[in-house]
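Participant: Given the coordinates of chain A, work out where chain B should sit on it, guided by the hints.
Keeping their order, the protein sequence lines are chains A and B.
Taking our numbering, I'd label the letters of the first sequence as residues 93 to 328.
Taking our numbering, I'd label the letters of the second sequence as residues 93 to 328.
Among the hints, a few may not be true.
The list treats identical chains as interchangeable, and a pair is accepted whether it falls inside one copy or across any two copies.
As the list claims (entries may be wrong) - Listed next, the in silico DSSO-like pairs over lysine-lysine satisfying Cα-Cα at most 27 Å (straight line):
hint, residue 1, residue 2
1, Lys-278, Lys-228
2, Lys-278, Lys-95
3, Lys-278, Lys-158
4, Lys-161, Lys-278
5, Lys-228, Lys-94
6, Lys-95, Lys-158
7, Lys-95, Lys-228
Since the hints were derived computationally from the structure, they do not count as laboratory data.
In this text the structure is predicted, and so the values were computed from the model without any measurement.
Number of protein chains: 2
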Amino acid sequence: MKKTIGIIGGMGPAATCDLMEKIIALTDASRDQEHIHQIADVNTAIPDRTAAILHGGADPLPEMVKSAKRLEAAGAEILLLPCNTAHYFYDGLASQVTVPLLHMPEETARVLAGRGVRTAGILATDGTVQSGVYGKALARYGIRAAYPSPAMQEQVMRLIYDGVKSRSVPLRDVPVGDILADLRDKGAEVFVLACTELPIAFAELGVRDGCLDPTRVLALAAVRAAGARPTVSDPW
Amino acid sequence: MKKTIGIIGGMGPAATCDLMEKIIALTDASRDQEHIHQIADVNTAIPDRTAAILHGGADPLPEMVKSAKRLEAAGAEILLLPCNTAHYFYDGLASQVTVPLLHMPEETARVLAGRGVRTAGILATDGTVQSGVYGKALARYGIRAAYPSPAMQEQVMRLIYDGVKSRSVPLRDVPVGDILADLRDKGAEVFVLACTELPIAFAELGVRDGCLDPTRVLALAAVRAAGARPTVSDPW
Chain A
93 MKKTIGIIGG MGPAATCDLM EKIIALTDAS RDQEHIHQIA DVNTAIPDRT
143 AAILHGGADP LPEMVKSAKR LEAAGAEILL LPCNTAHYFY DGLASQVTVP
193 LLHMPEETAR VLAGRGVRTA GILATDGTVQ SGVYGKALAR YGIRAAYPSP
243 AMQEQVMRLI YDGVKSRSVP LRDVPVGDIL ADLRDKGAEV FVLACTELPI
293 AFAELGVRDG CLDPTRVLAL AAVRAAGARP TVSDPW
Chain B
93 MKKTIGIIGG MGPAATCDLM EKIIALTDAS RDQEHIHQIA DVNTAIPDRT
143 AAILHGGADP LPEMVKSAKR LEAAGAEILL LPCNTAHYFY DGLASQVTVP
193 LLHMPEETAR VLAGRGVRTA GILATDGTVQ SGVYGKALAR YGIRAAYPSP
243 AMQEQVMRLI YDGVKSRSVP LRDVPVGDIL ADLRDKGAEV FVLACTELPI
293 AFAELGVRDG CLDPTRVLAL AAVRAAGARP TVSDPW
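The following block holds chain A by itself, in its conformation from the complex (with noise of 0.2 Å):
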């Protein structure tokens, strides 16, 4: 009997698609009854993130523990938080659930580790960027973390808040080139995509090399946490 999957959802809408579209395309499965079980909250109700953590915003903790309880009640036995940045609250909100609660920067640093990698770049909000989520996560497998020159990272937050959060500006108006190779330059061997918008964005631009997308992390560690069998081993 597989486990049911619950996601805190909403931290936006669309990535809680791209986790749950990524979960059924990476469970081995041939027909409908052979998918597990998920249940997604949406929960719009989430205030931003990174506002919270930088800017005084309101706090997105009692929301996401709402959410996490409604899905408890509904039959999850597994947790999953298709956002970055919330994970700066995931003591707060795992001390309040009962069931295991997936931690996606824990879950990547491990995937990082398995290839060997020593410095890992990040593209994220600048709430996981200053509070250290992703930093922390890869220093406790001896990963360096790099990070994009204040410019660069003005425009991955345009990418992740004006190119997919609102649509008001064309993805290709961002220079995405120009963001790698900054991080490249301070010794980034591979990108990652540590905001679940921006697996979305870079799908859309055709850019996938030396990209590790942190869903997909999520995704195939809660395949195999369901008891499911995946149909790939990697997430690569």
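Facilitator: Chain B in isolation, oriented as in the chain A frame:
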């Protein structure tokens, strides 16, 4: 305050995500918090609907009711059923819940009537075709349903089950052009993609002309029912 949408999903899992994404894309929102709260139950324990209707397979209604009650308990104020064939069980399901359950074939018939369509070609499962789920909804608006010949209907089932659900046959191996020509010969002015797996297949194949997507119709109806502002006025 926008209403919370509950999705009775898993029929199939990919179709659930397709509906969620269409709701997101059709909502006029510039940040996460302006989107609609959706809760999706990808209930893969729901038995196959066509098998139940035509071949004495297990009754899907009890599991559909379980999902509906789970979603109501979690706070859903409007329910959606992203499976056309499952609408065969609509009355049994609607009688078990206290919140409105939108009716996808009915919404679709209304859209067709708005365009003055007199004969609509129906691409659907054997269960939907033979039980007349669409035929009855269209008849209420004076629209005639045209169905594929038996050989072409077999190809529609192949596209749904082998092409999308099990991914065991490449979509391009199914003669979609022949299916549409057959329907056109039978008087079809438009093609209704009346199985939620079909808009996924047709999008991947790049076939759009003359097609109406009931998932998109349902998504637009849901955005309006939830009290959000849609990005388009028309689902065509």
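Participant: Confirm or reject each hint.
Facilitator: Evaluated hints:
no.	hint	verdict
1	Lys-278 <-> Lys-228	within (18 Å within a copy, 65 Å between copies)
2	Lys-278 <-> Lys-95	neither (42 Å within a copy, 47 Å between copies)
3	Lys-278 <-> Lys-158	neither (40 Å within a copy, 53 Å between copies)
4	Lys-161 <-> Lys-278	neither (42 Å within a copy, 53 Å between copies)
5	Lys-228 <-> Lys-94	neither (32 Å within a copy, 38 Å between copies)
6	Lys-95 <-> Lys-158	both (21 Å within a copy, 17 Å between copies)
7	Lys-95 <-> Lys-228	neither (30 Å within a copy, 39 Å between copies)
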